[in-house]
Amino acid sequence: MIALYLPGVSPIHRMPAGPKLLAFMAVALVVTVAAGFPWTLPAAAILVVAGYLLAGLGWRVLARQIFAVRWVIGIMLVTQLVFLPPLVAVANTGRVVAVIVLAALITLTTRIPALLDATERGLGPLRRFGVNPSAVGLLLGMTITTIPVVAGFATTIREAQRARGARVRLTTFAVPLLVMSLKHSDDLADALAARGVE
Amino acid sequence: MTRPEIVFDAVSVDFAGRPALREVSVALDQRRIGVIGSNGSGKSTFARMLNGLVIATTGRVRVHGLDPVSQAKQLRRTVGFIFSNPDAQIVMPTVAEDVAFSLRGRGLSHGEVDDRVSSTLDAYGLTAHAEAPAHTLSGGQKQLLALCAILIGEPDLLVADEPTALLDASNTKRIGGHLLDELPQQLVLVTHDLRLAARCDVVLLFEDGRLVEHGEPGGVIERYEREHA
Numbered sequence: 001m002i003a004l005y006l007p008g009v010s011p012i013h014r015m016p017a018g019p020k021l022l023a024f025m026a027v028a029l030v031v032t033v034a035a036g037f038p039w040t041l042p043a044a045a046i047l048v049v050a051g052y053l054l055a056g057l058g059w060r061v062l063a064r065q066i067f068a069v070r071w072v073i074g075i076m077l078v079t080q081l082v083f084l085p086p087l088v089a090v091a092n093t094g095r096v097v098a099v100i101v102l103a104a105l106i107t108l109t110t111r112i113p114a115l116l117d118a119t120e121r122g123l124g125p126l127r128r129f130g131v132n133p134s135a136v137g138l139l140l141g142m143t144i145t146t147i148p149v150v151a152g153f154a155t156t157i158r159e160a161q162r163a164r165g166a167r168v169r170l171t172t173f174a175v176p177l178l179v180m181s182l183k184h185s186d187d188l189a190d191a192l193a194a195r196g197v198e
Numbered sequence: 199m200t201r202p203e204i205v206f207d208a209v210s211v212d213f214a215g216r217p218a219l220r221e222v223s224v225a226l227d228q229r230r231i232g233v234i235g236s237n238g239s240g241k242s243t244f245a246r247m248l249n250g251l252v253i254a255t256t257g258r259v260r261v262h263g264l265d266p267v268s269q270a271k272q273l274r275r276t277v278g279f280i281f282s283n284p285d286a287q288i289v290m291p292t293v294a295e296d297v298a299f300s301l302r303g304r305g306l307s308h309g310e311v312d313d314r315v316s317s318t319l320d321a322y323g324l325t326a327h328a329e330a331p332a333h334t335l336s337g338g339q340k341q342l343l344a345l346c347a348i349l350i351g352e353p354d355l356l357v358a359d360e361p362t363a364l365l366d367a368s369n370t371k372r373i374g375g376h377l378l379d380e381l382p383q384q385l386v387l388v389t390h391d392l393r394l395a396a397r398c399d400v401v402l403l404f405e406d407g408r409l410v411e412h413g414e415p416g417g418v419i420e421r422y423e424r425e426h427a
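Sequences listed follow chains A and B, in order.
The end of the first sequence is residue 198 by our numbering, with every number in the run present.
The end of the second sequence is residue 427 by our numbering, with every number in the run present.
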């Protein structure tokens, strides 16, 4: 769901991380607030397609991002279809998907250190209220890094249970996943401390 | 005679009342220091103390003249640490970003950071993987990445805690070669691989939290093998 940087020289790649993040936040806000207007979804869709093409990423990368959120699409559609008319359910889901895919466009075209710098600069004024911008930036980077690690743990647990002939159930899956994730976070904390991160 | 770089003076460590190190006293200034012993013998605790990850319950530790308690920040710039599990050392998503992360907060320009990252990746044969997601590398490449991420910070001492434990024979040879033959820094190598330990200048043998012997690799390794045959 969170994409990794793909090198490029497009205008979107070259755009500074701070303005890029602000532009994304503005678009996400408009798409959310203007939910009642019929033009919102088509406009968001055009923006998404234009963004991916302008970034030189193409249709395949865009399709991959949408496929990555297939479960979000499924769950949102099914739950909303119970209570809302089909057109409204599709429009709501479409808007959420547009925002997620636009967020992926940011990480696909921006190096993480640049995102960290922008986050730290943006949160700088909050320092006086006790916010540590470096820690928030680091949290952002590490979240992106840790997702494939936890996904790897999940695969390992499933394979281990299948190898022993056990049925994969929520309880027998969630507990070892939690334990492995906590152990990983302990190890990561040691590695960060060893690299001088306070 | 120069001042020993690593000094332990009657150092003990307790974890929740369980002794992990008992009255360890040693002064070391050799360039390649091997640490061997059974599982749970205290060798990793000894190694972690060199970087301030574990603090002495009693006794005094000095590493390159620094006190791990009052000079912890300076110590971590002076002492780099490599863990056995390379996965747990990756902080940033891509290879280049992870190496660059070690230079954050050092006041370097983007150009300087890029140059140093490029030359470090080049030195360890990882240039082709610079933009790759770090977790997709092989075990050996991940350990090389961990090495790059530490060495780019130019520490004076590198502590490697079983860096080849999860690697195959060829990667063990490769990482061992980098550590023992190419590093200009002082090295403390905790290992179960006695062939690597034999290539050190001095070997420390730990048993049950005690430093039972240290000296020329041949004699120390022979004792360890004799007692655990």
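Keep in mind that the hints were calculated from the coordinates and are not lab data.
Don't take every hint at face value.
[As the list claims (entries may be wrong)] As a list, the in silico DMTMM-like pairs of lysine to aspartate or glutamate whose alpha-carbon atoms are at most 25 angstroms apart:
(1) B:LYS371 - B:ASP391
(2) B:LYS371 - B:ASP354
(3) B:LYS271 - B:ASP354
(4) B:LYS371 - B:GLU352
(5) B:LYS271 - A:ASP190
(6) B:LYS271 - A:GLU120
(7) A:LYS183 - B:ASP212
(8) B:LYS371 - B:ASP320
(9) A:LYS20 - B:GLU329
(10) B:LYS271 - B:ASP227
(11) B:LYS271 - B:ASP207
(12) A:LYS20 - B:ASP312
(13) B:LYS271 - B:ASP366
(14) B:LYS371 - B:ASP399
(15) B:LYS271 - A:ASP186
(16) B:LYS371 - B:GLU414
(17) B:LYS371 - B:GLU423
(18) B:LYS271 - A:ASP187
(19) B:LYS271 - B:GLU310
(20) A:LYS183 - B:GLU352
(21) A:LYS183 - B:ASP207
(22) A:LYS20 - A:GLU120
(23) B:LYS371 - B:GLU420
(24) B:LYS271 - B:ASP212
(25) A:LYS20 - A:GLU159
(26) A:LYS183 - A:GLU159
(27) B:LYS271 - B:GLU352
(28) B:LYS371 - B:ASP285
(29) B:LYS371 - B:GLU360
(30) A:LYS183 - B:ASP312
(31) B:LYS271 - A:ASP117
[Claimed, not checked] Chain B regions said to be covered by chain A (calculated; three or more residues, Cβ under 8 angstroms):
(32) 266-276
(33) 282-292
[Claimed, not checked] Partial pick of chain A residues on the chain B-facing surface, computed with a CB cut under 10 angstroms:
(34) ARG111
(35) ILE112
(36) PRO148
(37) VAL149
(38) GLY152
(39) THR155
(40) ARG158
A virtual CB, placed ideally from N, CA and C, is assigned to each residue, including glycine.
Right, here's what the structure says about each hint:
Between B:LYS371 and B:ASP391, the direct Cα distance comes to roughly 11 angstroms. Compliance with the 25 angstroms bound is thereby established for this hinted pair. Distance check on the hinted pair: B:LYS371 and B:ASP354 sit about 23 angstroms apart at the alpha-carbon level, within 25 angstroms; holds. Annotation: proposed proximity of B:LYS271 to B:ASP354 holds, straight-line Cα distance about 14 angstroms (limit 25 angstroms). Note on B:LYS371 and B:GLU352: the hinted pairing holds, with a Cα-Cα distance of about 23 angstroms set against a maximum of 25 angstroms.
For a cut-off of 25 angstroms, the pair hint linking B:LYS271 to A:ASP190 stands: about 14 angstroms separates their Cα positions. A threshold of 25 angstroms between alpha carbons decides the hint, and for B:LYS271 with A:GLU120 the separation of about 21 angstroms falls inside it, so the pair holds. Restraint check for A:LYS183 and B:ASP212: satisfied, since their Cα atoms lie roughly 21 angstroms apart, inside the 25 angstroms limit. Pair hint B:LYS371 plus B:ASP320 holds up; C-alpha atoms about 19 angstroms apart against a cutoff of 25 angstroms.
For the suggested pair A:LYS20 and B:GLU329, the alpha carbons sit about 21 angstroms apart, so the restraint of at most 25 angstroms is met. Proximity of B:LYS271 to B:ASP227 is assessed by CA-CA distance (about 22 angstroms); at most 25 angstroms being required, the pair is judged to hold. With a C-alpha separation of about 22 angstroms, the suggested pairing of B:LYS271 with B:ASP207 holds against the 25 angstroms cut-off. Proximity of A:LYS20 to B:ASP312 is assessed by CA-CA distance (about 22 angstroms); at most 25 angstroms being required, the pair is judged to hold.
With a C-alpha separation of about 35 angstroms, the suggested pairing of B:LYS271 with B:ASP366 is violated against the 25 angstroms cut-off. For the hint pairing B:LYS371 with B:ASP399, the CA-to-CA distance comes to about 18 angstroms; that is within 25 angstroms, so the pair holds. In summary, the hint linking B:LYS271 to A:ASP186 is supported, as the alpha carbons are separated by about 20 angstroms, within the 25 angstroms threshold. At most 25 angstroms may separate the alpha-carbon atoms for a hinted pair to count; B:LYS371 and B:GLU414 meet this at roughly 22 angstroms.
Proximity of B:LYS371 to B:GLU423 is assessed by CA-CA distance (about 21 angstroms); at most 25 angstroms being required, the pair is judged to hold. For the proposed pair B:LYS271 and A:ASP187, the alpha carbon gap of about 19 angstroms is at most 25 angstroms, so the pair holds. Pair hint B:LYS271 plus B:GLU310 holds up; C-alpha atoms about 23 angstroms apart against a cutoff of 25 angstroms. In summary, the hint linking A:LYS183 to B:GLU352 is not supported, as the alpha carbons are separated by about 29 angstroms, beyond the 25 angstroms threshold.
Taking the CA atoms of A:LYS183 and B:ASP207, the gap is near 32 angstroms; set against the 25 angstroms cutoff, the hint is violated. A C-alpha spacing of about 15 angstroms is found between A:LYS20 and A:GLU120, which places the hinted pair at or below 25 angstroms, so the restraint holds. A threshold of 25 angstroms between alpha carbons decides the hint, and for B:LYS371 with B:GLU420 the separation of about 22 angstroms falls inside it, so the pair holds. For the suggested pair B:LYS271 and B:ASP212, the alpha carbons sit about 23 angstroms apart, so the restraint of at most 25 angstroms is met.
With a CA separation close to 41 angstroms, the supplied pair A:LYS20 and A:GLU159 exceeds the 25 angstroms bound. Only pairs whose Cα atoms come within 25 angstroms are accepted, and A:LYS183 paired with A:GLU159 is accepted, the gap being roughly 19 angstroms. A threshold of 25 angstroms between alpha carbons decides the hint, and for B:LYS271 with B:GLU352 the separation of about 15 angstroms falls inside it, so the pair holds. The suggested pairing of B:LYS371 with B:ASP285 holds, with an alpha-carbon distance near 20 angstroms, which does not exceed 25 angstroms.
As the CA atoms of B:LYS371 and B:GLU360 are separated by approximately 13 angstroms, the hinted pair is consistent with the 25 angstroms bound. A C-alpha spacing of about 33 angstroms is found between A:LYS183 and B:ASP312, which places the hinted pair above 25 angstroms, so the restraint is violated. In summary, the hint linking B:LYS271 to A:ASP117 is supported, as the alpha carbons are separated by about 22 angstroms, within the 25 angstroms threshold. Restraint check on the stretch 266-276 of chain B versus chain A: 3 residues with Cβ-Cβ distances below 8 angstroms, three needed, restraint holds.
Note: the stretch 282-292 of chain B has 9 residues with beta-carbon separation from chain A under 8 angstroms; the three-residue rule is met and the coverage holds. At a threshold of 10 angstroms, the smallest CB-CB gap from A:ARG111 to chain B is about 6 angstroms, leaving the interface hint in force. For A:ILE112, the suggested interface contact is upheld, since its CB lies about 5 angstroms from the closest CB of chain B, less than 10 angstroms. The criterion of a C-beta within 10 angstroms of any C-beta in chain B is met by A:PRO148, whose closest approach is roughly 5 angstroms, and the hint holds.
Taking 10 angstroms as the C-beta contact cut-off toward chain B, the hint placing A:VAL149 at the interface holds, the least distance being around 6 angstroms. Because the smallest distance between the Cβ of A:GLY152 and any Cβ of chain B comes to about 7 angstroms, under 10 angstroms, the interface hint for this residue holds. Against a cut-off of 10 angstroms between C-beta atoms, the interface hint on A:THR155 is violated, since the closest Cβ of chain B lies about 12 angstroms away. Restraint check, A:ARG158 versus chain B: the minimum CB separation of about 18 angstroms is more than 10 angstroms; hint violated.
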